[in-house]
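Undergrad: So the protein lines, in turn, are chains A and B. The numbering of the first sequence is our numbering, which starts it at 1 and goes up by one. The numbering of the second sequence is our numbering, which starts it at 536 and goes up by one.
It is worth saying that the hints were derived from the structure and are not from the lab.
Derived list of chain B stretches under chain A, where covered just means 3 residues or more per stretch with a C-beta under 8 Å from a C-beta of chain A: (1) 612-618; (2) 629-637; (3) 643-653.
Partial selection, computed: residues in chain A whose CB lies under 7 Å from chain B: (4) Leu280; (5) Ala296; (6) Lys300; (7) Arg307; (8) His308; (9) Ala369.
Where a beta carbon is used, it is the ideal one built from N, C-alpha and C, also for glycine.
Residues per chain, in single letters:
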Amino acid sequence: MAGHLVRLKLALLRNGLRRSQWQQQLGLVLGALGGLPLAAGGFLLLALLPRAEPRFGPLLVQVVFVALFLGWLLFPLLSFGGDTSLDPARLVLLPLRPGELMSGLFLAGCVGIAPLCTLAALAGGVVGFAPVGPGLALAVAAVLVQFALCVVGSRALLTVLSRQLRSRRARDLGILLVSLAGLTVSLAVQVGARMAERFERQDVEALRPIGRVAGWLPPGLAARALVDAGRGRLLAATGELLLAALVVLLLGWWWWRSLDRVLTTAEPPAMARSRQAAGLVPRLVRPFLPADQRGAVAAKELRYLARHPRLRVSWLTSGLLSLALVVLVALNDWNHPALVLSALVMVFLVGQNSLNQFGWDGPAYWANAAAGADPRGDLVGRNLAAMLAGLGGTAVLAVALAAVTGGWRYVPVALFVAVGVLAVVLGVCDVVSVRFPYPVPEVTSNLWAVEGTGQGCLVGLMQMVAFAVQGALLLPVLTLVGVGVFVWRPLLAIACPVAVLYGLVLWRVGLGMGARWLRDHQPELLTALTPRRAA
Amino acid sequence: MMLRAGRRGKGDGRLSGVTAASPPQADRSPTALTVRGLRKAFGPKVAVAGIDLDIPHGCFFGLVGPNGAGKTTTLGMVTGLLRPDAGQVLVDGIEVWRDPAAAKRRIGVLPEDLRLFERLTGAELLTYNGLLRGMPPPTVEERAHELLDVLGLADAAGTLVVDYSHGMRKKIALGAALLHAPRVLFLDEPFEAIDPVSARTIRGLLERYTEGGATVVFSSHVMELVERLCDRVGIMHLGRLIAEGPTERVRAGRSLEDAFVELVGAGGTAREELGWLGTSSA
Numbered sequence: 001m002a003g004h005l006v007r008l009k010l011a012l013l014r015n016g017l018r019r020s021q022w023q024q025q026l027g028l029v030l031g032a033l034g035g036l037p038l039a040a041g042g043f044l045l046l047a048l049l050p051r052a053e054p055r056f057g058p059l060l061v062q063v064v065f066v067a068l069f070l071g072w073l074l075f076p077l078l079s080f081g082g083d084t085s086l087d088p089a090r091l092v093l094l095p096l097r098p099g100e101l102m103s104g105l106f107l108a109g110c111v112g113i114a115p116l117c118t119l120a121a122l123a124g125g126v127v128g129f130a131p132v133g134p135g136l137a138l139a140v141a142a143v144l145v146q147f148a149l150c151v152v153g154s155r156a157l158l159t160v161l162s163r164q165l166r167s168r169r170a171r172d173l174g175i176l177l178v179s180l181a182g183l184t185v186s187l188a189v190q191v192g193a194r195m196a197e198r199f200e201r202q203d204v205e206a207l208r209p210i211g212r213v214a215g216w217l218p219p220g221l222a223a224r225a226l227v228d229a230g231r232g233r234l235l236a237a238t239g240e241l242l243l244a245a246l247v248v249l250l251l252g253w254w255w256w257r258s259l260d261r262v263l264t265t266a267e268p269p270a271m272a273r274s275r276q277a278a279g280l281v282p283r284l285v286r287p288f289l290p291a292d293q294r295g296a297v298a299a300k301e302l303r304y305l306a307r308h309p310r311l312r313v314s315w316l317t318s319g320l321l322s323l324a325l326v327v328l329v330a331l332n333d334w335n336h337p338a339l340v341l342s343a344l345v346m347v348f349l350v351g352q353n354s355l356n357q358f359g360w361d362g363p364a365y366w367a368n369a370a371a372g373a374d375p376r377g378d379l380v381g382r383n384l385a386a387m388l389a390g391l392g393g394t395a396v397l398a399v400a401l402a403a404v405t406g407g408w409r410y411v412p413v414a415l416f417v418a419v420g421v422l423a424v425v426l427g428v429c430d431v432v433s434v435r436f437p438y439p440v441p442e443v444t445s446n447l448w449a450v451e452g453t454g455q456g457c458l459v460g461l462m463q464m465v466a467f468a469v470q471g472a473l474l475l476p477v478l479t480l481v482g483v484g485v486f487v488w489r490p491l492l493a494i495a496c497p498v499a500v501l502y503g504l505v506l507w508r509v510g511l512g513m514g515a516r517w518l519r520d521h522q523p524e525l526l527t528a529l530t531p532r533r534a535a
Numbered sequence: 536m537m538l539r540a541g542r543r544g545k546g547d548g549r550l551s552g553v554t555a556a557s558p559p560q561a562d563r564s565p566t567a568l569t570v571r572g573l574r575k576a577f578g579p580k581v582a583v584a585g586i587d588l589d590i591p592h593g594c595f596f597g598l599v600g601p602n603g604a605g606k607t608t609t610l611g612m613v614t615g616l617l618r619p620d621a622g623q624v625l626v627d628g629i630e631v632w633r634d635p636a637a638a639k640r641r642i643g644v645l646p647e648d649l650r651l652f653e654r655l656t657g658a659e660l661l662t663y664n665g666l667l668r669g670m671p672p673p674t675v676e677e678r679a680h681e682l683l684d685v686l687g688l689a690d691a692a693g694t695l696v697v698d699y700s701h702g703m704r705k706k707i708a709l710g711a712a713l714l715h716a717p718r719v720l721f722l723d724e725p726f727e728a729i730d731p732v733s734a735r736t737i738r739g740l741l742e743r744y745t746e747g748g749a750t751v752v753f754s755s756h757v758m759e760l761v762e763r764l765c766d767r768v769g770i771m772h773l774g775r776l777i778a779e780g781p782t783e784r785v786r787a788g789r790s791l792e793d794a795f796v797e798l799v800g801a802g803g804t805a806r807e808e809l810g811w812l813g814t815s816s817a
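Only chain A is shown next, with the shape it has when bound in the complex:
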């Protein structure tokens, strides 16, 4: 049975490569490329630490072991929906006892990029710490116990939480966390790098209490066993190792119990939360939206902004970047009041969401196509929603920047010019989005899932072209604003209405072109938005 499940895992990995889109294959390759330096880095760190840092080495090994364990607990939780081999419910119909299933799942858990990299990194500990003699065996055992802790702990936690993780809410949250994690990590690295500049050796002393606590956590015990084995304290090492191994057994027991429960008890029906019926149109924007097709489309778009996990990610990313901009300006004492106008960069970037504005509908677009409603109204509704959300965000960012730099007089300029910029961007989007649409899957099992229609490259290329066209069309407005800021201030008063007028004219041109094409090609748009079924 164990061999069978290992083969299943290998087959899943292999088939994932064979069947998936090039993006997913790229993801796997990138995963391997990202894992390689991590494995090599971990190996070198653990191998060189004892000689480079004889005093703090043991402490750092404990921190590394604990961090590794936490990583193993957390990352599978986030990728639960994407990895079909993680969900015990998939095997519920097979006539297997938990014991058989456990050994198979454990061995399958040892196969893959992450376990391979973990083992490679941990091997550095053996190289770095182990002496020749009986200590070597203990050091190897310590590393293996740490590895078992990671795999068994992660599997046990996954099994316990598998029902909750399968819920739509948990998957939505997972997507949000994974997406924002990248951004947060990169921001944290920046902050960390700054702090590291002022880092003194004696600051490590501050880590001592943390080390003392970490030393008694199961992975910390394994780390201490490794260090003690290296220093020839064999008795202490054996004791610590036995304690850590006991924890592995306890985790295994917990896993076995949960697996038994998951396999033998019926899943209670999910109780979906019912919202207060507030109507389709959000109350906040009701005064701005007409009570017709345009208003309905705009309201639907705004609801999706708040509820579609991927749209939420893209808007939150914009929000975080805005926040980073404000913090950057505040930290660096850049006091030029015209910095308020940098909010325009944000409105330009947010507008790019509309390049595939039908893609978020996906195959559900048939409802619009079947209604026989005016395609122009459909586009106007989408643009209205983008305008409301974009301008709202810009207003907040501009005010925040003004509060930091004192450039309050630039706030109205930023808002007026933002209308113009967004209008130009949306005009281009109205053409591109109907000619080069692609579906964004609603199914949230995998953040990186793409349901391409076989024209991914063309779509990407066209979006680059659209980006360039938008830039070229915006050049006159930006030049006007630039001259106003740096050469002749009164020009800004003229730039405001000119930007709005210019934007509206170009928007109407784009809207007209998009609507004309859409009027004759709704079925083709619907086909493009409907992922092809596997034959």
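Fit chain B to the given chain A structure using the hints.
TA: Same frame as chain A, now just chain B:
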């Protein structure tokens, strides 16, 4: 069109505002749906190989056929959602592919795979569909409320569609298709994977609906249901309509299932194959 008396019971629909859209327009067009020479191929595979069909007003029409017969493709083309390679489709006398907007105003659609706006609540989805079709907001609210009530979804009105069960999705999609009181209703597999209570509700609603002069065209695998509900049936096989007409005539004294199996040419299971079934050693 003759409706066979006694075949239908009174529907249990309580809808007041969502019955027939307007009086039957038989004077303007004798048929609710006319199809001539409809063809569609996907690459080398011919999905629909030339179909001619006339469905009178007020008719309950069942389209049956094995998987892959071309039913869904046909329904996609007659509702203006899938462009045919050739052929003509008239709904209520209006040519669908020449004036799609006018034709679509007269039809309601329930698609097979229930592609809905998942992140709207049930009530929001109905409102969205109503406003999309240019209905006045108070009418939309009133009808949506009534439909949710009749379909047994009042308690789930504020739940996101993504959290609905399959049966609930089917019912809310049917509500969205009925909201604007279309003249012709196209339903792809409306009774598939539906519990008996929901099926009864839907059946009652549809029967009531055709009594008001509207036309229902639906595809199904449930022969017994088609036989019981439909005035006319069409049997599709390999992209062609191999039999079409009043149900009694197509049945020709047999059950519809027997007639279907005979026409499609599928035999029973060969006794010598799968001989190991029923010899469980576990």
